[in-house]
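Taken in order, these protein sequences are the chains called U and D. Residue 63 in the working numbering is what sits at position 63 of the first sequence, and the numbering runs on without skipping anything. Basically the working numbering = 1-based index in the second sequence + 1000.
Zero decoy hints are in this set.
Pairwise CB distance ranges (calculated):
(1) U:T5 to D:E1078: 34 to 44 angstroms
(2) D:R1009 to U:T8: 23 to 33 angstroms
(3) U:E58 to D:K1014: 43 to 53 angstroms
(4) D:N1018 to U:P111: 39 to 49 angstroms
(5) D:T1013 to U:P21: 39 to 49 angstroms
(6) D:R1059 to U:G29: 26 to 36 angstroms
(7) U:Q42 to D:L1060: 17 to 27 angstroms
(8) U:E58 to D:T1002: 16 to 26 angstroms
(9) U:N19 to D:G1016: 41 to 51 angstroms
(10) U:K110 to D:E1078: 40 to 50 angstroms
Don't read these hints as lab results, they were simulated from the structure. Even for Gly, the Cβ is constructed at its ideal location relative to N, Cα and C.
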Amino acid sequence: DAKTTQPTSMDCAEGRAANLPCNHSTISGNEYVYWYRQIHSQGPQYIIHGLKNNETNEMASLIITEDRKSSTLILPHATLRDTAVYYCIVPIGAAGNKLTFGGGTRVLVKP
Amino acid sequence: DTGVSQDPRHKITKRGQNVTFRCDPISEHNRLYWYRQTLGQGPEFLTYFQNEAQLEKSRLLSDRFSAERPKGSFSTLEIQRTEQGDSAMYLCASSSVLQQETQYFGPGTRLLVL
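With the sequences and hints as input, model every part of the structure.
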């Protein structure tokens, strides 16, 4: 998998937008960017993925830079239940057999 | 609930005993994955199946570990002669072939080896 770099942790105020950056400078043209999160003591949860265009779903928005070397996951209105570890993953496009989880970003949403 | 289920949720065993975990994937998913997660770390890939065929195994999967998916539906992960280092959360995920990287995870089985 292409290596990704994320900040170790960040805090966010409840009700505010949370912007989670990820660098993936070695990404290749056909590789997607995936985001998962893991709430304490639960299995990881798929959030969103994208290739080139920005994406939005009911959980979050994904902004990918034009050169595709970095992306930002946006949680528009963070709630206390969004406290989790967020993983940015770039799986190998052809294989897609496994996900390689790095350290992720530990997000703490504060009231 | 039509998500991925795992059983048991918790298991405490003594060193040297054998343990077996079960995973039931989402019914229309033909790919099934096992991961292991130790405290403070992200999940690590162990193995995956497409239907009943085991297509890849990680070097983490020592010869004490065996996984099966006999009918292409549920899967079992067995650990023989458990060691304290096997203490971890064992996660199962499933996906469809068309969206391999969109994996849906179960709640995990937390194993404690005393």
